[in-house]
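Trainee: Please take these sequences and the hints and turn them into a complete structure.
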Amino acid sequence: MLETFGHLPVSWLLFAVLAAAGFVAFFIGRTSAVATAQGSTARLNSQPNYHGYFLAMATIAPAAVILILYSLFGESMVRSQLASELPQRIRDLGTMEMGQYIDRIAENSQRGPGSTTGNALFDAATGRYTSLLGLSRIIAIGLALFGAGVGFFFARRRLSVNFRARARVEDGIKLMLFLCAAIAILTTLGIVASLFFEALRFFARVPVLSFIFGTEWNAQTGADFGAIPLFFGTFMIAFLAMLVAAPIGLLSAIYLSEYASPRFRSIVKPILELLAGIPTVVYGFFALQFVAPLVRSFAVWVNSLPFTPDTLLAAQPTSALAAGLVMGIMIIPFVSSLSDDVINAVPQTLRDGAYAMGATKSETVKQVVMPAALPGVIAALLLAVSRAIGETMIVVMAAGQRAQISPDPTSDLTTITVQIVALLTGDTEFDSAKTLSAFALGFVLFIVTLLFNLIALRVVQKYREKYE
Amino acid sequence: MNSPAPNPETKGTFVTDAALKRLKKRHAAETRFKFYGQFAIAIAVLALIALLVSIISQASSAFQRNMLVFDITLNAEDVAPNGTDDPDAIARNVSGFNLLLQDSLRDQFLPEDADASETRQLFGLFTRLAVLPVAKKTAAHVDMVGTQQTVSVALADDIDLYLKGGVTERKSIDLGQVASARGAIGDGIYVSLAPGTDTSALAEAIGGFQEQSLDDSAPTTLIGIGNTWYSVTGFSSNEIALAYLAGARVAPDPSQGIRALVLAQAEANRTVSDRQIAWTMLLKDEGRIRKAFNSTLFTNADSTYPELAGTAAAIVGSLLTMLVTALLAIPVGIFAAVYLEEFAPKNRMTDLIEVNINNLAAVPSIVFGLLGAAVFINFFGMPRSVPLVGGLVLGLLVLPTVIIASRAALKSVPPSIRTAALGVGASKTQSVFHHVLPLAAPGILTGSIIGMARALGETAPLLLIGMVAFVAEVPDGPTDESTVLPVLIYKWSTGAERAWEPQTAAAIIVLLVFLVLMNLIAIILRRRFERRW
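Note that the protein sequences, when read in sequence, are chains A and B.
Each residue of the first sequence is one higher than the one before, counting from 1 in the working numbering.
Each residue of the second sequence is one higher than the one before, counting from 1 in the working numbering.
Be a bit skeptical, because a hint or two may be false.
To be verified - If you want the footprint, here are the derived chain A segments under chain B, 3+ residues with CB under 8 angstroms:
#1 141 to 150
#2 177 to 190
#3 266 to 273
#4 382 to 391
Bear in mind the hints are in silico, worked out from the structure with no lab data behind them.
As the structure is a prediction and not an experimental result, all values here were calculated from the model.
Don't be surprised by glycine CBs; every beta carbon is placed ideally from N, CA and C.
Mentor: Laid out in structure tokens, this is it:
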């Protein structure tokens with residue numbers, strides 16, 4: 001009901017009506033301003049256009065607020081109303097099953113009036129849902145139009161020769177700008193709140209200590225939630241990635257900023273940055289298809305050497321080493337471009353001083369530039385670690401699913417992010433410990449990466465004070 | 001100033017053997033250090049090259065595929081049983097077309113009394129839905145019904161892979177001519193080769209494959225004589241024992257050419273049977289297998305059969321998602337940047353927002369997926385797997401990137417512009433919106449495009465809001481179930497059949513092309529409009 005008006009979806013129609021109302025309000029505001037100015041617009045405090053803008057703003061804003069609120073909360077209000085009207089038998093099912101029941105009703109209702117299932121209660125509920133939804137739409141649209149009318153009416157009364165329309169319009173613009181900036185805060189709040197509260201619900205079922213210190217992870221069966229194997233896998237792979245990324249990234253940054261000719265630098269730097277622009281799912285495919293088999297045959301070769309036991313390395317088809325190597329390649333540009341900035345920020349005078357003492361270039365780099373740049377380099381490495389910990393697709397595709405603690409890099413390890421994906425893909429029900437454990441893992445991930453970022457930021461701030 | 005004359009005695013302290021040695025060592029260290037740097041850069045560049053080369057070489061085979069050509073009369077009773085008035089019914093009549101083509105193959109290759117397994121193998125040369133393009137074409141031109149037409153269907157993925165050199169290693173060997181032959185098709189054929197034929201290549205191939213074999217299974221040898229293919233049942237000193245496999249049911253004649261095809265893997269270990277290979281060879285000899293550009297890759301939606309799967313739905317899904325992302329992230333990001341850069345008072349609230357944005361930029365993307373799952377889907381009850389929710393999540397994800405880029409662009413506009421505007425009586429808002437923002441626009445646009453490129457390649461958060469669902473139709477709007485390119489790549493890469501690998505690589509190429517285009521636009525914009533003050 002009230003999905004479409006003729007062939008037009010109602011939401012589009014409403015949008016058009018509001019836009020038209022805005023236009024009309026603008027012209028009314030403008031003409032009335034010109035009229036009150038009695039021929040000389042110079043007498044107005046603000047230009048006639050601003051009167052128009054003000055009136056349009058006052059008309060559209062209340063309606064828009066009402067419609068946004070309705071689109072966010074309207075359907076859940078309808079659902080809770082329907083839930084309270086359902087017979088006791090169904091309400092006894094518990095929130096989750098009732099939610100699914102209402103989901104099916106909503107789905108059925110979308111198919112249109114003709115789709116009956118034969119189940120009298122279900123069909124009656126579908127009908128009721130449809131009419132409730134239609135009713136709520138009518139109420140929302142009515143309220144929005146009423147709000148627009150009220151806004152227009154009061155704003156219209158304020159217009160006069162001395163009315164400071166421009167100031168009011170600019171206040172409105174500033175408010176809108178502030179709200180946009182506040183969305184960033186809202187996002188963080190949303191992240192923290194959703195992770196925190198879902199994690200709390202998880203910890204109500206599984207004790208915190210057994211989560212953080214448990215060594216058995218079998219979340220798919222809902223049996224064990226000991227996250228140590230995941231932490232181990234995460235840090236093992238991040239460590240392997242840093243083994244690749246730290247030396248290569250750092251050395252290339254040093255070479256590019258200290259040795260390379262401007263021409264070489266202008267060619268190589270974009271190439272390195274290309275590595276950062278490649279989507280992680282592509283790295284994942286590369287790791288799965290090309291690096292993992294290589295790692296495996298390397299492990300098989302090592303096992304076959306005469307002086308090694310045949311079962312020295314696990315030689316799994318997906319391995320921590322494959323994921324770590326490829327993740328390392330992915331992180332190289334982060335390390336190199338961040339350290340490049342830091343190395344370039346070291347004052348030239350320090351280098352000149354070292355050269356004057358007869359130091360060679362490499363001695364200058366090792367004994368003067370690097371110590372001066374060290375805090376910044378450490379910060380760059382910390383940021384890179386934080387990225388390695390939070391990286392998902394490469395490990396999902398190439399690291400494996402087995403939660404185990406094994407120092408062997410060719411065995412398959414699993415990570416926090418792999419488990420989050422495994423737990424939340426497919427059909428998820430928001431009330432099981434299995435799903436909630438993904439949020440607990442997400443919370444840990446968020447806190448750990450945040451800590452790394454904050455420490456990095458702190459280190460950088462301290463370092464900056466040195467040269468200012 | 002009078003510089004002291006060089007004293008030959010003091011000069012000596014710098015040229016002692018020890019000093020020279022030290023100097024040499026230091027210079028060697030210098031060279032080494034420089035080499036380390038070059039080595040590191042070489043590794044990084046090589047890694048990039050390896051990545052691109054491996055993907056492009058994988059993908060190249062997916063852009064071409066093998067089609068099976070039929071010269072066939074489209075009998076009205078088969079393809080249009082209800083008449084030609086209703087083209088839609090013809091387009092939907094997949095089983096009619098399928099039966100027609102299958103029957104044509106059966107008439108050619110199988111006797112009346114062929115068993116079920118043989119028939120199944122023959123019909124396995126192409127999948128049922130592969131006839132869909134033919135059905136659609138016929139529906140569009142109903143006058144084709146009842147006439148002789150040349151139609152082609154995509155070969156099944158395994159056969160296609162075999163023809164591209166996959167499935168099993170093989171060697172084709174020419175064995176000269178048949179010297180004599182005895183026996184009958186039904187109960188075994190024995191042929192001897194012309195005397196003096198060099199069979200060492202055959203023995204070498206069989207021996208070589210036998211050695212590689214992991215489970216000691218013997219390699220398969222197929223023998224082709226004329227239009228008939230046999231499998232080898234045994235070798236004796238002067239004869240080869242053959243069993244009929246496929247093709248013309250005529251016993252070989254002396255002086256017919258004979259060739260061998262040695263397959264590394266035993267029949268049980270591969271996805272294509274001996275018979276299917278023999279039929280494929282026969283069809284190839286007839287010229288009925290033709291290479292064609294794989295347009296399916298761009299016109300079809302996802303499918304469970306690799307040869308019918310395409311990226312069309314995912315491309316549209318990606319575009320819809322990007323549209324939502326852009327509508328959220330770009331205006332909000334620009335306005336937030338304008339507020340922080342131009343209007344925000346220096347207070348704790350502003351500091352908080354600023355720290356917040358910097359931290360948000362470093363939050364792992366999967367956490368945004370958790371946010372989407374918990375807030376948009378669970379709390380607000382939005383549907384799963386739709387571009388609207390995906391776009392909102394990605395919009396929040398790239399918002400910090402857009403804000404930071406826009407702030408940098410606004411910062412680069414010199415203060416003189418602002419003061420000049422204020423000086424002629426503009427309000428703060430007017431100075432910003434009429435003067436600063438237009439001047440910063442190229443930089444803002446570049447930053448926004450780069451942010452969008454990041455969103456286009458993002459996978460992990462979308463997995464958590466259910467965009468991995470199998471979607472076989474091109475979505476109509478942002479609230480239709482759909483998938484996006486990177487998620488499609490992830491899904492295809494987990495496919496069990498080997499044919500998904502080139503397919504995945506091809507999808508990656510499609511994604512990379514889009515990314516390169518976006519970055520090119522950003523670079524061109526920067527070059528064209530960048531202003532140095």
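Trainee: If you check each hint against the structure, which ones fail?
Mentor: Hint 1 contradicted; others consistent.
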